[in-house]
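Student: Just so you know, the sequences run in chain order A and B.
Heads up: the first sequence runs through residues 202 to 506, numbered per the numbering used here.
Heads up: the second sequence runs through residues 2 to 327, numbered per the numbering used here.
Please note: incorrect hints may appear among the correct ones.
Listed next, the stretches of chain A that the computed footprint assigns to chain B, with coverage defined by at least 3 CB atoms under 8 Å from CB atoms of chain B [stated by the list, open to error]:
#: 1; segment: 406-413
#: 2; segment: 422-433
#: 3; segment: 490-503
Hints in this document: simulated from the structure, not taken from any laboratory.
The C-beta atom is built at its ideal place from N, Cα and C for all residues, glycine as well.
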Amino acid sequence: MLRYLTLRIAQSIVTVLLVTMIIFVIIRLIGDPTHLMLPPEATEADRELLRQQMGLSDPVAVQYWRYLLQLLHGDMGMSYRFSLPALDVVLGRIGPTLLLTCTSLAIGILVGVPLGVASAVRPDGWIDFVAKAIALFGQAAPPFFFGLIFVLVFAVQLRWLPTSGYGGPQYLIMPAIALGWYSAAGLMRLTRSNMMEVLTSEYVRMARIKGVPERVVVYKHALKNAALPVLTFASLQFGILMGGAVSIESVFAWPGMGKLILDSIANLDYAVVQAAVTVSALMFTAINLAVDLLYAYIDPRIRYA
Amino acid sequence: MSDLLRVENLTTWLATESGIITAVDDVSFSVRPGRALALVGESGSGKSMTCSSIMRLLPASGHIAGGRVLFEGEDLLAKSPAEMEAIRGRKIGMIVQDPMTSLNPLFDVEDQVGEVFRYHLGDRSRRARRPKVLDVLSRVQIPAAEKRLGSYPHEFSGGMRQRVAIALNIACAPKLLIADEPTTALDVTVQQQILALLRDLQRETGMAIILVTHDLHTVQRFCDEVAIMYAGRIVEQGPVAEIFARPAHPYTEGLLRALPQLGGQEDRLPLIPGQPPSLASLPAGCRFAPRCRRATDLCRTEYPDWMATAGETRRSACWYADEVLG
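Okay, chain B solo, but in the shape it has when bound (with noise of 0.2 Å):
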């Protein structure tokens, strides 16, 4: 089956008060029609700048330095702004992480919720607009929502705004949803009601979905795929299935061992000593080698190239991967 998006060697730039930092350094990764792939990593790993790279919607500090972002066999980073507007939204939606503040606060949820259709299916009148505004709603399980068409974004709670922000995001079926820690601002029992939603809707519409969290637990209920970010570059990628059985890269191995197990017997669980590096400063080798128990010299002096591991379907950017999965 062939690619719906395919991200090459995607590099982004980020100016920042320490210089100009490579937020997203080199990424590839693809991601298939009606499948999910996770995007894990720390906070700073360069996450969300992906997406944000794919979205061609970075902030005015960053840059979008090379790459290819092909989407349906169409290099995004190609377009005009226009042609992007009549993509995003249409073809490919972003929920956010923040439901309190996406949501404009002066206009009501019709009309918020309508102008996806008003701009990308040109329905000019209001009326007209509304049964898809209706039937949108009750797709995303806002109760009465006939009742909740004038309400305002304050008049909800923060998972009914999330369910909003989805609803404007799936309004046109796009092909692709990006879902940018979209439950990491709500309650634990709402998050897992909006994770059940993005599931069903993705069953219902056959989208496929990428998922940037740091939730390891909901990488393995939610995504097919995964690929694990650490300071700007993808250090291991795969199946989620293989690679949460067998990790390849250290560094994946020290986030699954940090994973709390219901029943476990240790009351200290073992976290990964040390802190990710300062993009300003990266150190010459691996990344991860100031942390990493298994560092060598090679590890410290050279970044290690993309090794194959397990057959074909999974990659990992260790020197010592085959090590690592025993």
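Extracted from the complex, chain A is given alone in its bound form (with noise of 0.2 Å):
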């Protein structure tokens, strides 16, 4: 178990160095951001110098080298657009950010999950019926066109919502409900296949030749062994929702992180950037990590391997 766990973190920092030796590099490839800090009549030999100030004129091997020692540190640059530590602009804005993504998953198991079961233990059932419905629309459409919807039906015409802001419960219930849809569908189908199969398993057939009552098959029995890909799904889920999340920040001026990437790649704050994806990547990496903990919490044959 030891070793297993050793194993999984070192797997996990390697994960998270390559995605921001990744960025490190694409990001440099996009553009120069000293046209944008420096007014168009500034001279190349102005910019060379604001280059090699901010340590850009170094090969990118160099620079990546410097920016993993101050990482070390905790130090992830400076953001020249807001003239503040880069991480601390990202922590600022990623509270907003794991609220919404969270909510979603929550929703997205709460609603999924339930649903997949029921229609797995009646299937062509009214449940199945419902669930199927509501899975095919959550997967037909990205979250974005049904929070435009959502706003267009609850919050001018009934006012029931307020179009967009971030605040109070009922700031969070539409971009929330948006997002959460498009789990709830895939995790709803990956329910119901799941349980489908492991309800006509011989194991399930002996839980009821002992007599053991229906209920308990299902929700013992079946459900345990159903749920181990779908707790997988589901921490895969939490990174297509903060991606997701995105798109949905601007349909409801949401301020989370998903705005401050793209207002900083626009405007190749490098450093922002940089900070926003590794601390984005950290979180993944750690709650596949804590899956795959809880995996071998659940399946004893992990456990013992």
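Build the complex: two chains, separate frames, hints provided.
Tutor: In structure tokens form, the structure reads like this:
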């Protein structure tokens, strides 16, 4: 178990390093921020001087090495746009994004998994029909499209909810449902197909042979087995939702990381982009690691492997 | 002595890609307390479907179309799902072919065996169940049972898993144990151990056993009665010793002749020619007629009635039973 844990942590570190390296190189291929930082009438010599001050004239490998050394001290560089440490800028915006993605994921799990179970227990029943419709819509259109429809119906026409902004729970409802619907669809379908398969397994049959009540057969014997792939899928959903949040944040003027990353790329604010991506990658790998450990907790075959 | 289980005219349909087939066709037999009945037949002859129908645990594509399953005088087919839950695992146990897949991989042995006590005897606490779990594990001869309580199925060998499966099925001292090819997936040496265990348990508890198998040697050593199935129907049934000595159906005759004899001279076994018919396209008359060397026009057009042969204890579904009997 300890070996497994060490191995997984080492893998996570390598993953994060690779992600930071890729974003570090790519952002430098997009453009040169000195054009944006200096007025148009500045000379090439001025820009060269600024590049040297910012360390941008060194080879990329040298810059990356310097970045890694700083990273060890928790320093992710300065944002030239905000004149603040890039990490502080990112951390200031991470709260709203986490709130949005976590709420969406919770909606996805709380709607998708029970619907999946119910429709697997009675395939072609009315719950199955409703669930299939929900899944179809959820996967047919991107979340921001539902966001726009929601705004039109519930904010503009019915005036039940504010069109956009950040504050109390009334601001969270529409963006979270628009984003969570997509997850609910995938989770429902995966739960349904896994449950269908597990419910025909020999060990579920044996549980019935034992005379265990049907609800225990479904929720204990079958669901625990069907939950394993669903868990993995849900953790991947977290990353997908963080990505989906970018468009949803734009629709609802949600002051999160998605909007920050978009603006920072447009302004070639290298430090902020790097910091945002690094922090996201860290969170994502941390969640994957946690899920892997949870997996080992649930499945004894992994625990002792 | 009255029958513990009496199956009357049981008919089970199964929806398949080639249409609805009658997997179990008008099957009747009975089992007396403490006796062992063998259900013998080739794959697809309806043995397992018969067992699943008795347990009311058919796959979603299966449907019991008719008949009665009288257990202690009550028709199981008329019971509610909740009543069946109370009977399964308590009065009727069943072990299945593959112990590698019949135990839940995510729960330890104590949990899986303990569930029987929990749901049938109402023992809610794990602590209260433990002595009973240990007792039943030692009865199926799992060594150092107290050390294996927290073990998971993947930590056991196939034979040990089958012992666990037997343990949770005899835990409530059922009157009837259905063993659906309990040794097919096991090594030959382990097969003998499992059969010996079943026999010991039967002597100890006096439970009746239905043993589904295609191994005639096992039938001979283990069972009192035998019912031979062919293409969904029982073709011959009666006491094992009599049927093995003097079969009254050409199919039984063929099966027995195909048994390798110790010290036998022939290097080739006389197999029954041909294949069993597909249940989707059965011949009009006797289903065995196309493979039968005795078949006449009568056999090919009309399914034979039950012929009582050699007294009232055995029956054969062959027009020429008396001739086969010799």
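Student: Now look at each hint and say whether the structure bears it out.
Tutor: Against the structure, the hints:
Requiring three or more residues with a Cβ within less than 8 Å of a Cβ of chain B, the coverage given for the segment 406-413 of chain A holds, as 8 such residues are present. With 3 residues carrying a beta carbon less than 8 Å from a beta carbon of chain B, the segment 422-433 of chain A meets the three-residue requirement, and the given coverage holds. Counting residues of the segment 490-503 of chain A whose C-beta lies closer than 8 Å to any C-beta of chain B gives 4; at least three are required, and the coverage claim holds.
Of the numbered hints listed earlier, not one is contradicted by the structure.
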